[in-house]
Structure formats: structure tokens, C-alpha cells
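These are the residues of each chain, in order.
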Amino acid sequence: MRGAKQVLRYALLVPLTLLFVSPLVFMLVTSFKTPNEAVQTPPTWWPDPFTTQAYERIFNAADTPVLRWFANSMIAATANAAIVVVTAALAAYALARLEFRGKKVVFALIVSTLFVPPVILIIPNYEIVGRLYWLDTLLAIIVPTAASAFGVFFLRQFFAQLPRELEESARLDGANRWQIFVQIVLPLSKPALATLALLSFLTNWNDFLWPVYVLFSPETQTLQAGLSTLQSANNVRYDLLMAGAVVASIPVLLLYLLTQRFVIEGVSRSGLKG
Amino acid sequence: MPSVSTVRRGDGLVAWLFLAPYLVLFLGFVLLPIVLGVWISLHNWDYTLPGKPFVGIDNYSNLLNPDSVAFEPFWDAMKATGIFTAFSVPLLIAIPLVVAMVMNQKFPGRNFFRAVYFAPYVLGVAVVGVMWRFLLDRNIGAVNSYLGGLGLPDAIAWLSSMPAAWFALVGVTVWWTLGFNAVIYIAGLQDIPRELYDAAKVDGAGRWSVIWNVTLPSLRPVTMFVTIVTLIASANMFGQSFIMTNGAPAQETRTAIFYIAETGLQNFQMGQAAAASWILTVALMLLSLVVFAIFRARGALDVS
Amino acid sequence: MRQRTFANSALSRRGFITVTAGGLLVAGCGGGKGPGGGNQEGVGGFTGEDYAGPALTLAYWNGFTGGDGPAMQALVKDFTSNYDNIKIENNTVEWLDFYQRLPAAAQAGKGPDVGVMHLDQLATNAVRQVISPLDDLADSLGLAEDDFTDSVWGPGIYEDQRYGIPLDVHTLAMFYNQEHFDKAGITEPPTDAASLEEACQALQAAGYQTPMWMPNLWPAHLMFLSLLWQFGGEPYAEDGSAATYDDEAGVQALTWMREQVDKGYSPDNVDQDAQYVAFKNGETSITWDGIWQILDLESVALPYGIAPIPVIGDEQGAWANSHHFFMTAQAAEDEDRANAAKTFIGWMSDQSSAWAAAGMIPARDSEREGAEFTDSPQASLGDQIEALHFLPPVPGLGDVQVQTLEIAVNEGVLGRRSAEDALSSQASDATELMEQNLERFGA
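Residue numbers (our numbering), protein chains in the order written: chain A, 12 to 285; chain B, 892 to 1195; chain C, -12 to 430.
These are computed hints drawn from the structure, not numbers from a lab.
Since the structure is predicted, the reported quantities are computational estimates derived from the model, not experimental observations.
Even for Gly, the Cβ is constructed at its ideal location relative to N, Cα and C.
One or more of the hints may lead you astray.
[Claimed, not checked] Facing chain A, from chain B, some residues (calculated, C-beta under 10 Å):
| no. | residue |
| --- | --- |
| 1 | 946 |
| 2 | 962 |
| 3 | 985 |
| 4 | 1002 |
| 5 | 1005 |
| 6 | 1031 |
| 7 | 1041 |
| 8 | 1043 |
| 9 | 1047 |
| 10 | 1106 |
| 11 | 1116 |
| 12 | 1147 |
| 13 | 1172 |
| 14 | 1180 |
| 15 | 1186 |
| 16 | 1188 |
[What the hints assert, rightly or not] Straight-line alpha carbon distances no greater than 27 Å define the calculated BS3-like cross-link-like pairs of lysine-lysine that follow:
| no. | chain 1 | residue 1 | chain 2 | residue 2 |
| --- | --- | --- | --- | --- |
| 17 | A | 16 | B | 970 |
| 18 | B | 1092 | B | 997 |
| 19 | C | 170 | C | 74 |
| 20 | A | 114 | A | 201 |
| 21 | B | 1092 | A | 16 |
| 22 | C | 74 | C | 64 |
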């Protein structure tokens, strides 16, 4: 019985894995083809001739600095995640543990925006970002999305269910709020903070619409925006496109390979109560 | 229970200091835009022109009046969003759940499989979109080529005909985010206390009965989370459409967000776009409330 | 004062800021044009002398992403080797993105100093105060109306001021595979509907099942416009108040396009660019496309022929557009920058015969007499050059066309709607949008 279950399991998972892996492999293979072979049918799985011309073109052209795009994405996503976590943690602690006038109102206000879809912010934020002269700078990618209502809500729930005793005794010892927050609460909250940071990082990394319209110079673009520009400029050069996509993927995949356990565990906790 | 009652004088200033960084960003990039968005929607607002005349609710009535030029493109876009959401959300709720259940126990290679299924999500929509656009090309795409090899029709215009384009868009979206949802389900499954399973076994429940009576009910909070997240993501679909079909054929796969982005940020008719985004927002909020209500009715909200 | 403007412009051009923890909130505030600013009088007084001021860098935007890209880069390189004190920073953006980014960037102070745009976009950008008049430059270059065809000269002028200096003219051509033609026994490229029909049938007989693929996306609407003019119609009223392509001529044009699919000369649903890729692969025999594809075809050593598009309608006629140089209002704010910009444009405009190497047609009649043009493949378009039609200089027309005419042609060629239905419904929508635009951009 055990054996049959195993067989069934692999019978589902292995083809699924092929479905996930083969497109990526094909993308890699195509990036080493000549422009003509790239559009040949039936498709070949080994380039003949094997050439790096697409990569040379991409790395030599001033308008496709793919590694720069990757760096921009990294910087923006990291900075954004950092700001999200810092501001949300501070605010969440105030809402979870501190007493002050207007607390209910502030909390209600923040939670109410949880249900407001981001689409409503696109047009006005574009106007605001333009007036601040932030268009075509990474600030436009980092700052507007750094106020995360979800982050505040998520962390507040987490802080609220931490046992109060530790904080109370620290209070009695004379510690002030800030010290309690930094030395007691934060260390206890590492998993939640990590989850929030990860989610924010991934969301910012994956953000497509906003960077496409807000960034235009090749030096400033993030991966998603840059790749989209590459595509619209070269929509019949599939060898080039695949090479661009590969260069865009490899650093991410490497990073992912190194951290995947951490990433997956962090993300998986987001659906739980904390 | 604290043994010493502490007199809380109120943490007034400290609290506001803690809140300040967040509130600054919140006010500037969430509250202010919401208000500004309404303001913009009441004007003929072109970012590049100095004049922005007040037009009252014209932008809204243009979108709600069947005779106006703006009516059809907008509601076609809403329809496209609706179709995409209706097809992708159920698939993205069900399939990852099945995969998660299959992967629920420890077995050799489990972490490997999990990592593989999650991988597309970290690649980002641009890479995924560009890659699948190539694979699904009607003439030179590998998909059609292999379909032909299997004796199936090999000239399907995946990106430029109906309903194939929807299959393509939904399929690629599922491929892209299946792993993300599955990972969340796996965590939820592992959170289910063993005692529940043991109790069911003692009662002599069969496999399907266990799933129906123990697993699924216990997963409700996670399922609700996945549903809402997926719903919002689907309703906001833009990248796949933009990269793979560019709205084709004839703008039938142009989603509401795509319409708003094109109208407001490409053609600079921001008043119109802002009004459209408010109508979409109201629709989405109603939808979220409905989902919420459905799950609440089925007892998902046993939050401590 | 001058130094500060230069420094600010350079900084804001760089855009990307290395973010450090402390520097996070240092806003990227550079100087830059405020909303609605701009100098509509132009920094006048350019006398044609070479730029002699302090060294600076001009940001140059264009959309030459295809085969014409390398040719433009060669010209730019040539310019910089001749002028020590002007550096050119080239930013090549695909045209569709270009027209979205230019006004947005200009508003944010991040736009270019000079660039190239299509003739039919000059009016829109002039109204948005993105670009600056260049009358003094035109005078100093001695650009006389006589040296240009009227149709190219006129649209560069919006509200009595010249906003663009013409670089070239480009149009549609019929490309055919010489080998296929030989195999089918076709000795001369078709010149009208009947001979085109014969050619297609001969090609089918020779084994080429689908000899002429009919696109339903780019450049289908350009083909439609050409045919519309051939049948005696006009797409838009000169004053920008209405769309007029839903008349008899329009219906005939679109019907002819769909017929090629019905007759089996083309597959039913051609993906974006698939017809061009098929032609390049040798899969199909005839394609209509822009002469800007010439360089690309040369690069794959395809045995292709090029000829004027056949006269399907009553008389010869073809869609054409033109690349024009522009200077932005941003550059016009600083005298040195403006002079450098004009020097650049002036020099480039004199190279238009070298530009023929990119597959374009020089805008000036006199330049078309030089060997560089007469020896080029596009010279065989000969007579068609006299029958070129340009869209009228109406602000916002480009966007309207994308939303209406392109859809009509798409639906008509796909057979989803009859030619009449498709055209009349989109034309009435277009007319309404054009009326709104007149209000929006109006004086």
C-alpha cells in the first residue's frame, strides 16, 4: 500500500516538475542560438551552432544594462522591505502595547485601507511622484509603497499575542518603551519580521506596472521594466529576448537557491495566524 | 496577571513618535493620493498640460453612459478582468491545494520539488511573460510544435485569438503562482494538530472522509487568506496581458488595470483614468466583502 | 548661473542615485522644468555658426531600435569626432514607449535636449510645450520650401512656427522573394491589383501555399491608409475635427485586405510580426512593410526585391511618415545648450544622404539626386515618392488612431466584423475623441 502511494505521488510530481523545469531549460538553450535558429520549427534542444552572440549584443549595448537592472531591482526591493519593516514594526508596537488618545481611530483608519485596492493610488501617486521630481529615480520605486497597512496589521497581531510578562518586568526594571521594544520585543519577533520583509521584498521585486511607467532611462530601470523595454524593441529577436531573460533570471535563481529554505518558510508563515 | 498594578498614564508622546515614520508615509502616499485621486477624477487632468478644467462628474458619467465613447473600452476591460479572475482564481485555489496535500508528508526529494514549484514566482512577471510569449507563438513556438508532434492541432493562435488567449493567460498565471499558494497551503496543513487526524482514525473514517471533515475545515483560515490574496492579484492582472498579448485580439485581453494605465499614463487622460480606477475599486471592495462574508458564514473566522 | 544649470541637468540626467541608509531620504530634487513652463518663443538668434561655448553633453532621444539603429549611431559618432566640445548621450527607446515617456520626462525635468520624432507627433508635443520652435535654425540652414515636397514641409509647422527639421521620409514598400518569383515564373513585380492577383496564383501553383500574409496588427493600418488614399479617400479632416475613413473608399480598401485572407493567400490569424518573420524565413513570398526593414533583410542575405506598392485603387498612393529633429523646451532655457543643440541638428540634417544607408529616403529633393540615394534599394520606389501621403498635424491624433483605426483594421482583417461595420463604428468614436481633443488642446 505504501509503495503504491509513493508511486502515485511521484507520478504526479515528476511530470509537474518537468512542466516547470523544461521551459526554463528551453529558454536557456535558445539564448545560445543564432537569430535564425531561434525561430526555427521544430525547435532544437541543442544549438547548432552554439554561439554567444546574443549575450555579446546584450552586454555590449548601452541600452540593455541587464546587470544594472538587476542591481537596481535588488537595491529597490531591499530598501523598500527595510522601510516597510521598520515603519510597520514601530507603528504596530504602538498600536499593540501603548495607550494613547486616538488609538482606535488610527488603527481603524489603517485597517480600512487594507481593503482599498492599490489601483486607486496609481494615477495620483504618479502625479505626486512627478511633482517631487522623483520620476526616473529609484526613490519612486522605493518610497510610495513603503507604507504597508498589511505590515502594520500583521505585526500588531503578532505583538499582541506575545506574553506581556517579559515587557512588564522590564518596565519595572526601569526600561523605557524604546528599550523594551528593541531589546525584548524585536528579538522575539524575528520570524514575523522576516516574513514581512520577505513578502515586501518579493512584492517590490515583482512589481511591474509601476516601474514600467515611472522609470525610463536604461540606467534606472529595474529588471521588470528593462526586460519589457527589451521586448518591445526586439520583438522578433527571440535569441536576444531569451538571453536577456536568462541574464535577468540567473542572479535571482542563484540567490533563491541559497536562501530558498528561508524564503519558503517565511512565505508559508504569512497565511498562519502568527 | 500582573502582581503590581501599573498606573498607565497614557503613552501619548511616545506612541506618536513610534507612529510617526509610518504615518508620514501613510499620509503622503496613501491618504493624500486617495483624496487627490478623487480630485483628479473631477477634472480633465492632463499631466503634461497646464490647464486642468473642472468637469464635475463628467468622467464618471462618461464611463457609465452607454452612449459615450469611453463606455465600451472601459466595460470591455472590466469584463476582461472578470473573465480572467473567474477562471484563474478557482484553479489557483484548487490545484495548489492538491499539490500541497500530495506533498504533505516527508519523502525523498520533497524539498527539491517544493523549491522547483516556487521558483517561477521569484523570477518575476517580466521573465515569465517574455519566456511564455516565445513558447506560445503561433508559428515558431515550441508549444504548437509539440502539439503537432502529438497529432493535436498545431496552429493555435495562443496569443491572438479567442478563447485561446484566455487559456494562455490563465495557464501561465497558474504556472507562475502555483508554487506560492502551494507553499502557504503546506504550512497550513502542517499546522493541523495530529489529534484531529488520530480522532478521525479512531472513528474509522476513510481517506476522503478525513479530507472532507478534518483537513478542509481546518484549512479554512488559510484558504480564505489564499483566496483573498489570489483574488486581488487576479483582479490586478496587468503584466501577463501587457507582455504576452498586449491586450490583443482587438483589446479583448486588456484588463481594467491595463485600461487605466493606458488611459492615464500613456494617453495622459488622468481624470478619466482616476474615475475608472474608483469604479474598479468599488467593485473590488464589494467583491472582497462578499468573499469575507462567505468565509465568515462558514466559520473561518475563529480568531482568538 | 550657466554652470549651475549645466550641473543640475547632468545630475538629473543621471537619475539613478546610489542609495545608502542615510541617503535614503535625500530627494532627487534637481532643477528642471516646472509644469506648464517652457519657452515658446525659442531661444532665437541662431546664426548657423558652430557651437563655441563650454563643453557639455546633450541628451539625445530617438526610437531607432531596429535595423536603422546602427546607422544612426554611426552618424552620432561622426558628429562627436567633429566637435570636441559637444558630447552626445544617446537613448534609444522603442517608439511607442518614446511618445509616452517624452512628455512625462519633460515635465519631470528629465527629458532630452534633442531628439528625433515622427512628423505626426510634432503638433502634440508642441501643444504640450515639450518642444521648442526652430525657425531660426531653419532659416540659417537655408531650408527652402522648394527643396521639399509640400506634404513633408507643411506638417512640421504648427501654429505658424516650425518645430521640426526634416531628416528623412519613409514609406511602405512591397518586398518580394526573388527566388520564389523566379520559381513561379514571375518576371516583373506586380504593379496593380490584377497583376498582384496573377502573381499570387502563380506562386501558389509553384507550391507556395500562402504567398502573401495579411497582418492585422502593425503595419496593417498603414496598408489600409495607403489603400484608402489610392481609392481616393482621406482618413481625417485637415482641421482635426473628424475621421472620414468610413466612406466608400475605406470600405473598398479594408474589404480588399480581408479578401486576400478569404482567397487563401494569407493564413487567417497572423500574430504580431509573424508575417515579417515568415518573409524573412522564406516561408512567404510577398510582404508589405516599411523601408526601414531594408537593413534587416540585407543582414540575413535574403534574395529580396523591393518595389512600389501596387496600385490596388484608382491611383498610386502610399502612407508615409517622416523623422524630424526637435529641440526640447528644456534645452531652450539655456543659451549654450540651445546653441549646441541647434549645431547638432544642423549638422545631422546635412547628412541626410548618408542616412539613406539606413534604408530611408532623404527628405530634401536635392539630396535625392546624390549617388548614395540613387544607388540604394529604396530608390526603386521612384514614382511612389511623388504620391506620398502624410497624416495632418493634429495634436493627439496618434493616440486616437491607436484606439480606433487600428482596432477597425484589426477586426476587419480578422473577419470579426464587416469592413463597413468596423470602419463606421470606429470612425464615429474617433470623431468624438478628436472633438474632445480639440477642446483639450485647443487655443
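Legend entry - Violated constraints from the hint list, given by number and in increasing order: Those not satisfied are hints 1, 2, 3, 7, 8, 9, 10, 15, 16, 17, 19.
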